[in-house]
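Protein chains in written order, with my numbering: chain A, 2 to 248; chain B, 2 to 248.
Do not take every clue at face value.
Identical chains share a label here; the pair holds if one copy fits it or two copies do between them.
Subject to a maximum C-alpha distance of 20 angstroms in a straight line, what follows is the list of computed EDC-like cross-link-like pairs (lysine to aspartate or glutamate) [claimed, not checked]:
(1) LYS239 to ASP90
(2) LYS239 to ASP89
(3) LYS124 to ASP77
(4) LYS5 to ASP77
(5) LYS183 to ASP81
(6) LYS130 to ASP89
(7) LYS130 to ASP90
(8) LYS124 to GLU78
(9) LYS214 to ASP140
(10) LYS219 to GLU149
(11) LYS219 to ASP140
(12) LYS183 to ASP77
In case anyone wonders, no lab produced these hints; they're calculated from the structure.
This is what each chain is made of:
There are 2 protein chains.
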Amino acid sequence: MAVKNYRLKIAYDGTRLFGWERQPGKDTVQGKLENVLSRMTGTEIEVTGAGRTDAGVHARAMVANVHMDAKGMDCDEIRDYLNRYLSDDIAVNSVDECSDRFHARYNAKSRSYLYTIFDGPVKPVFNRKYYLRLDSALDVSLMQEAAECLLGEHDFKSFCGNPKMKKSTVRNIERLDIRRSKGYVYINIKGSGFLQHMVRIIVGTLIEVGYKKIEPAKVQAILEAKDRSLAGPTAEAKGLTFMSAEY
Amino acid sequence: MAVKNYRLKIAYDGTRLFGWERQPGKDTVQGKLENVLSRMTGTEIEVTGAGRTDAGVHARAMVANVHMDAKGMDCDEIRDYLNRYLSDDIAVNSVDECSDRFHARYNAKSRSYLYTIFDGPVKPVFNRKYYLRLDSALDVSLMQEAAECLLGEHDFKSFCGNPKMKKSTVRNIERLDIRRSKGYVYINIKGSGFLQHMVRIIVGTLIEVGYKKIEPAKVQAILEAKDRSLAGPTAEAKGLTFMSAEY
Numbered sequence: 002m003a004v005k006n007y008r009l010k011i012a013y014d015g016t017r018l019f020g021w022e023r024q025p026g027k028d029t030v031q032g033k034l035e036n037v038l039s040r041m042t043g044t045e046i047e048v049t050g051a052g053r054t055d056a057g058v059h060a061r062a063m064v065a066n067v068h069m070d071a072k073g074m075d076c077d078e079i080r081d082y083l084n085r086y087l088s089d090d091i092a093v094n095s096v097d098e099c100s101d102r103f104h105a106r107y108n109a110k111s112r113s114y115l116y117t118i119f120d121g122p123v124k125p126v127f128n129r130k131y132y133l134r135l136d137s138a139l140d141v142s143l144m145q146e147a148a149e150c151l152l153g154e155h156d157f158k159s160f161c162g163n164p165k166m167k168k169s170t171v172r173n174i175e176r177l178d179i180r181r182s183k184g185y186v187y188i189n190i191k192g193s194g195f196l197q198h199m200v201r202i203i204v205g206t207l208i209e210v211g212y213k214k215i216e217p218a219k220v221q222a223i224l225e226a227k228d229r230s231l232a233g234p235t236a237e238a239k240g241l242t243f244m245s246a247e248y
Numbered sequence: 002m003a004v005k006n007y008r009l010k011i012a013y014d015g016t017r018l019f020g021w022e023r024q025p026g027k028d029t030v031q032g033k034l035e036n037v038l039s040r041m042t043g044t045e046i047e048v049t050g051a052g053r054t055d056a057g058v059h060a061r062a063m064v065a066n067v068h069m070d071a072k073g074m075d076c077d078e079i080r081d082y083l084n085r086y087l088s089d090d091i092a093v094n095s096v097d098e099c100s101d102r103f104h105a106r107y108n109a110k111s112r113s114y115l116y117t118i119f120d121g122p123v124k125p126v127f128n129r130k131y132y133l134r135l136d137s138a139l140d141v142s143l144m145q146e147a148a149e150c151l152l153g154e155h156d157f158k159s160f161c162g163n164p165k166m167k168k169s170t171v172r173n174i175e176r177l178d179i180r181r182s183k184g185y186v187y188i189n190i191k192g193s194g195f196l197q198h199m200v201r202i203i204v205g206t207l208i209e210v211g212y213k214k215i216e217p218a219k220v221q222a223i224l225e226a227k228d229r230s231l232a233g234p235t236a237e238a239k240g241l242t243f244m245s246a247e248y
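With the rest of the complex left out, here is chain A (with noise of 0.2 angstroms):
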């Protein structure tokens, strides 16, 4: 019996997912994982991601972690054997041995996400999945004016989906630009952590700044207010892609 600690790194087009989380009778990251691990090994398992990611979000690099008697197989046999029987939308990119202590979630010291917006004139085809279409053009530097009062450490209750959040909605963004490229709008943001449906509640109000409907200044008094009903709607999760952990 050797059980050791692996570490993995995930891509996953999220289309078709129903989130990262486990969830009975619907396909997820971590259940499709735990499935195709548990008939490996023959025992049951838990795998530990970096974050959840929401129905319909993709993960260029997910981190996640898992404590199992690998059966003599090396970590490349393992990532082998996990792309052999994951769907076609989720490919383990790299398998690695870590310190018994190390743990995806509690470990991350931030995680990086991009979102991405398409607002020129003809819709790109072959990335089409991976992308928010908006129909006129973004007002790029009101947006990136307006995104200024979100760094640091704040209170994002304004920008949490659940109203019944009882822990802290206390998190520290590290990182948030918004940069422009032809026809694409990438916003790229960086944080501690992020609440339920936060990076998709700060792109959809980002975008109203964009679009002239919030004021740049205004964000300071939604985040101040502390009320989700002021900040903007949730941005549509095809355009969220989970970037990468750091540790």
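Here the structure of chain A is known, so what remains is to put chain B in place on it, guided by the hints.
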């Protein structure tokens, strides 16, 4: 009445399409373009394409032309009208007025295709509809060696998918290069024109070479035999993308 000739550049994800050519009751690129333009102009419209891609084949910039009275709409308005009514897997990137005599098929001096293979250990997720997945690594240098003899003007009957082809099977390949980049193998092919399935049969044959099932020198003999049964299988449509037509 102002009938003008318009040149269109069209991108499409061929996954769910039955190829370029109009077919009753099936979703094809020509059929969809003609339907939308017929509705727009109120007359029957015929669209001419530079190439007739098979079901499942993609295009980055298919060139087409269409003679029509656009009822006072300018080129960008035509483009936007098309994109509003076309399905998400087809995008008209540009519409320009062109000479009355411009014919997208007859005037094309050459067509360029890209065939994309992934033979690395971990299948990429996000572009998975656009490459052929192979389980073990190809020997690209053998494929390059084999490709040499296909360059130039030859009778490509051995690489023609239509056994009843009555017209000339002579074509001219100007470029055929095979390049590895990490886990991908890219096959670029440019020629005066291509017979039915010709690119895919060439790729299928080169894959056999890359797996040492066919010796590179044997490809010359296959070409000379003018016998389809000697060449490799027709490679899957999903890896093939029409890149451009040159005039």
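Comparing the hints with the structure gives:
Taking CA atoms no more than 20 angstroms apart as the test, LYS239 paired with ASP90 passes in both settings, with 14 angstroms inside one copy and 16 angstroms between copies. Within a single copy, LYS239 and ASP89 get their C-alpha atoms as close as 18 angstroms, and across copies as close as 14 angstroms, so both meet the 20 angstroms cut-off. Taking the shortest alpha-carbon separations for LYS124 and ASP77, only the inter-copy value of 14 angstroms comes in at or below 20 angstroms, while the best intra-copy value is 39 angstroms. In this homomeric assembly, LYS5 and ASP77 come within 20 angstroms of each other (Cα to Cα) only inside a single copy, at 15 angstroms, whereas the closest approach across copies is 60 angstroms.
In this homomeric assembly, LYS183 and ASP81 come within 20 angstroms of each other (Cα to Cα) only across copies, at 18 angstroms, whereas the closest approach inside a single copy is 38 angstroms. When the C-alpha separation of LYS130 and ASP89 is checked against a cutoff of 20 angstroms, the pair qualifies both within a copy, at 15 angstroms, and between copies, at 10 angstroms. For the identical chains of this complex, LYS130 and ASP90 are neighbours both inside a copy (12 angstroms) and across copies (10 angstroms), given an alpha-carbon limit of 20 angstroms. For the homomeric pair LYS124 and GLU78, the shortest alpha-carbon distance between copies (15 angstroms) is at most 20 angstroms, but the shortest distance inside one copy (40 angstroms) is not.
For the identical chains of this complex, LYS214 and ASP140 are intra-copy neighbours only, at 11 angstroms inside a copy versus 57 angstroms across copies, given an alpha-carbon limit of 20 angstroms. In the homo-oligomer, the alpha carbons of LYS219 and GLU149 lie at most 20 angstroms apart inside one protomer (12 angstroms), although the nearest pairing across protomers, at 65 angstroms, exceeds that limit. For the identical chains of this complex, LYS219 and ASP140 are intra-copy neighbours only, at 16 angstroms inside a copy versus 60 angstroms across copies, given an alpha-carbon limit of 20 angstroms. In this assembly of identical chains, LYS183 and ASP77 lie within 20 angstroms of each other by CA distance solely across copies; the values are 17 angstroms between and 39 angstroms within a copy.
Violated hints: none; the structure is consistent with every hint.
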